[in-house]
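Novice: Hey, can you work out the whole structure from these sequences and the hints?
From first to last, the protein sequence lines are chains F and C. 150 is the number that our numbering gives to position 150 of the first sequence; each next residue is one higher, with no gaps. 1102 is the number that our numbering gives to position 102 of the second sequence; each next residue is one higher, with no gaps.
You may find that some hints are simply not true.
Stated by the list, open to error - Here are some of the chain F residues that sit facing chain C, going by a computed Cβ distance under 7 Å:
| hint | residue |
| --- | --- |
| 1 | 26 |
| 2 | 62 |
| 3 | 81 |
| 4 | 146 |
Please keep in mind that the hints were generated in silico from the structure rather than gathered at the bench. All C-beta atoms, glycine included, are put in the ideal place defined by N, C-alpha and C.
There are 2 protein chains.
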Amino acid sequence: MAIAPTTSPPCFDESFKAQLRDLLLWRRDVRRFKRDALPAGALERLIESACLAPSVGLSQPWRFIIVDDTALRGRILAEFERCNADALKSYSGEVAARYAKLKLAGLVEAPAHLAVFADRSTIVGRGLGRRTMPEMADYSVVAAVVTMWLAARAESIGMGWVSILDPERVAELLGVPADWRFIGYFCLGFPDDDSQVPELERAGWERRLDCHQHILRR
Amino acid sequence: MAIAPTTSPPCFDESFKAQLRDLLLWRRDVRRFKRDALPAGALERLIESACLAPSVGLSQPWRFIIVDDTALRGRILAEFERCNADALKSYSGEVAARYAKLKLAGLVEAPAHLAVFADRSTIVGRGLGRRTMPEMADYSVVAAVVTMWLAARAESIGMGWVSILDPERVAELLGVPADWRFIGYFCLGFPDDDSQVPELERAGWERRLDCHQHILRR
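Specialist: What follows is the structure, given as structure tokens:
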């Protein structure tokens, strides 16, 4: 990727920092999309932003698959429905009833589908930093996903992470190399609504906790 | 965490988007720090930002350990040095010589040390979204780390991810619950310099690739 050099490091002012906080506050895991297509080139531009993420040993193990084929999308949706029905069976009573009502993916409405994998076997980076922690390759790909998510929200594009899938089945359906590890399947599009409150909190499933209870000191 | 409700969704203009791109471009994995302390409360504020990250099923499985004890920091440093010496042995010839010259952590200079874990056993979120992919808990924690990294860079604070460590040994040294999974050990402080180019690229170890070669279509 050609990155134009700029002359001096940027200095981020209070206004930018306040807007960045707004970006973090209003970024949602989106499951309700309008059907409008993304602007031409938007997805590729977001992937370029994703690749500015840190990666272990500069290994850049991210692999992106843009899924456009309707039949293939249908097979992914069927897999989601199968896994979600299994998940429902693990709950009972009132919780099961509440789970059944949740909308957990926007696979039908979202105009763009993206599958993301980590190539743990890449020789790029010569293995630096992933000897004791081979999972660092996966984490680098997650870093790219999160970077993309924020860049998307800045353009009013929503992203939703679908993890209610069987990684092996998805890899098989998409025909990826055997050593690629499935990280996530993403729906992208313009969201139906905006909120500062996570959808699962609005639906009464779970609420955000005070993060200070998760800080320890040694 | 108390999050003040704002009235309407923000709209991000071109100026913000350009600055966000600058933020992504100038975020580095920092290994060279000034010794100046972080401002009081800065680390806790960055952790608050981290907790705005998405998490699977709203499970918020992130666990942060601020490591201040000098003796404990010394034991972490010794572990890093042991693992790094092992890593060096895996290279030979000219590559080994180049590896030996790399500075891969700022553990001695960085004023703040933070260890981050994922609690896969948390009941928060009732297991939603992590039945077929239990690793989603780890990925949620990485999402928090990346969010924190960007918030830090906006405040001119650098972060460096130390992965050349034995996860089990670190968990043992820090005395965390047995089911917490080590995600990373982070150095934070004001960086010695700023660059758009990753340190490993400047050192001639690896270079950034054109990300379009990692996009496939189906």
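Novice: Against each hint, give a clear statement of whether it holds in the structure.
Specialist: Quick rundown of the hints versus the structure:
Proximity of residue 26/F to chain C holds as hinted, the smallest CB-CB distance being about 6 Å (cut-off 7 Å). Interface hint status for residue 62/F: upheld, as the beta-carbon distance to the closest one in chain C is roughly 6 Å, under 7 Å. For residue 81/F, the suggested interface contact is broken, since its CB lies about 13 Å from the closest CB of chain C, more than 7 Å. Annotation: residue 146/F was flagged as interfacial toward chain C, and the flag holds, the nearest CB pair being 4 Å apart, inside 7 Å.
Hint compliance for this structure: hint 3 alone is broken.
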